[in-house]
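Undergrad: Chains as they are written, first to last, in numbering that gives the first Met the number 0: chain L, 0 to 231; chain G, 0 to 79.
To be clear, the hints were calculated from the coordinates, so they are not data collected in a lab. Take the hints with a grain of salt, since some may be wrong.
[Unchecked claim] Under the rule of at most 35 Å between Cα atoms (straight-line distance), these lysine-lysine pairs were calculated in the DSBU-like manner:
(1) K38(G) x K145(L)
(2) K53(G) x K38(G)
(3) K53(G) x K145(L)
(4) K38(G) x K9(G)
(5) K53(G) x K9(G)
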Amino acid sequence: MSADRRPRIAVVVFPGSNDDRDAALALEALGGEPLLVWHAEATLPDAGAVVLPGGFSYGDYLRCGAIARFAPVMGAVARFAAEGGPVLGICNGFQVLCEAGLLPGALRPNASLSFVCRDVDLVVENVDTPFTNRCEPGEHLAIPVKHGEGCYFADAPLLAHLEANGQIVLRYEDNPNGSIGGIAAVTNEARNVLGLMPHPEHAVDPLLGSADGALILGSLVDAARERVPTPA
Amino acid sequence: MRATVLVRPKPGILDPQGEAVESSLRQLGFAVDEARVGKVVDLELGDGDPEQAKADLERMCQQLLANPLIESYEITVTPR
Numbered sequence: 000m001s002a003d004r005r006p007r008i009a010v011v012v013f014p015g016s017n018d019d020r021d022a023a024l025a026l027e028a029l030g031g032e033p034l035l036v037w038h039a040e041a042t043l044p045d046a047g048a049v050v051l052p053g054g055f056s057y058g059d060y061l062r063c064g065a066i067a068r069f070a071p072v073m074g075a076v077a078r079f080a081a082e083g084g085p086v087l088g089i090c091n092g093f094q095v096l097c098e099a100g101l102l103p104g105a106l107r108p109n110a111s112l113s114f115v116c117r118d119v120d121l122v123v124e125n126v127d128t129p130f131t132n133r134c135e136p137g138e139h140l141a142i143p144v145k146h147g148e149g150c151y152f153a154d155a156p157l158l159a160h161l162e163a164n165g166q167i168v169l170r171y172e173d174n175p176n177g178s179i180g181g182i183a184a185v186t187n188e189a190r191n192v193l194g195l196m197p198h199p200e201h202a203v204d205p206l207l208g209s210a211d212g213a214l215i216l217g218s219l220v221d222a223a224r225e226r227v228p229t230p231a
Numbered sequence: 000m001r002a003t004v005l006v007r008p009k010p011g012i013l014d015p016q017g018e019a020v021e022s023s024l025r026q027l028g029f030a031v032d033e034a035r036v037g038k039v040v041d042l043e044l045g046d047g048d049p050e051q052a053k054a055d056l057e058r059m060c061q062q063l064l065a066n067p068l069i070e071s072y073e074i075t076v077t078p079r
């Protein structure tokens, strides 16, 4: 495959993002062409997908993701999502997407109050998304988490809706943070926006202990390639 | 005028910070049944129309200061 068949994927950089470059390296290793986009940009470059990376945007002031959602670039991200473009939020990116209303629910401090940093076992609940196409139904993935506020919350009616509508995409086998329903990843109604607390970008090479994250990010690269007709 | 916004975790929302405070207070020998930890935001607002200020504060809470899914808020406005 020649380099010009690499789909462009925008990776947004907020002040306090710290996994932006890991995400970019992983996407590049999986055949994408990552483009780092500073949060102050009002537009996105022409790209087939957007990633909001992990970190501590704006120091997690007020609530995680609460300030980042007002970054100029977020208007463009919302428009990209409304047009059906795939948007992946990892960890802090998940928090930002929830605060921005692009994903349902909210993330709260871990039930243990402890920062958790370890590999977790995840079960794939829905493979019919641009983020899990490469997975098998019920497949187990080993991907690390590292967060203090990853306790997913949805009230009872919302949770019932998410369950019935297949919007729960990944669940923890052994819940590390107290998330309701063991939810590790949720998608929006249209299935083109996904947030997950685990870090697939830290698990794309067996040298790092697991390459299971490549199934998630590789699916995203596929989706980006389908979205943007790449030049010959 | 000055406004104070109290933001609280809604009833039923797990508040591990509150639980930690509660258990520490018990260790100190205080009879505490429950502690919940929220936030205070103090705002200086100039001397506009108090009714308009209250409407603005309501929108501030809805849009930024609280996450209505998990937090409740209480607004108090005091003349300077």
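Undergrad: Take the hints in turn and mark each one as holding or not.
TA: Evaluated hints:
Straight-line distance between C-alpha atoms of K38(G) and K145(L) comes to about 25 Å, which keeps the hinted pair within the 35 Å bound. Proposed proximity of K53(G) and K38(G) is supported: the alpha carbons are some 19 Å apart, at most 35 Å. Between K53(G) and K145(L) the alpha-carbon distance is near 40 Å, which puts this suggested pair outside the 35 Å criterion. As the CA atoms of K38(G) and K9(G) are separated by approximately 12 Å, the hinted pair is consistent with the 35 Å bound.
For the suggested pair K53(G) and K9(G), the alpha carbons sit about 22 Å apart, so the restraint of at most 35 Å is met.
When the structure is compared with the earlier hints, a violation turns up for hint 3 alone.
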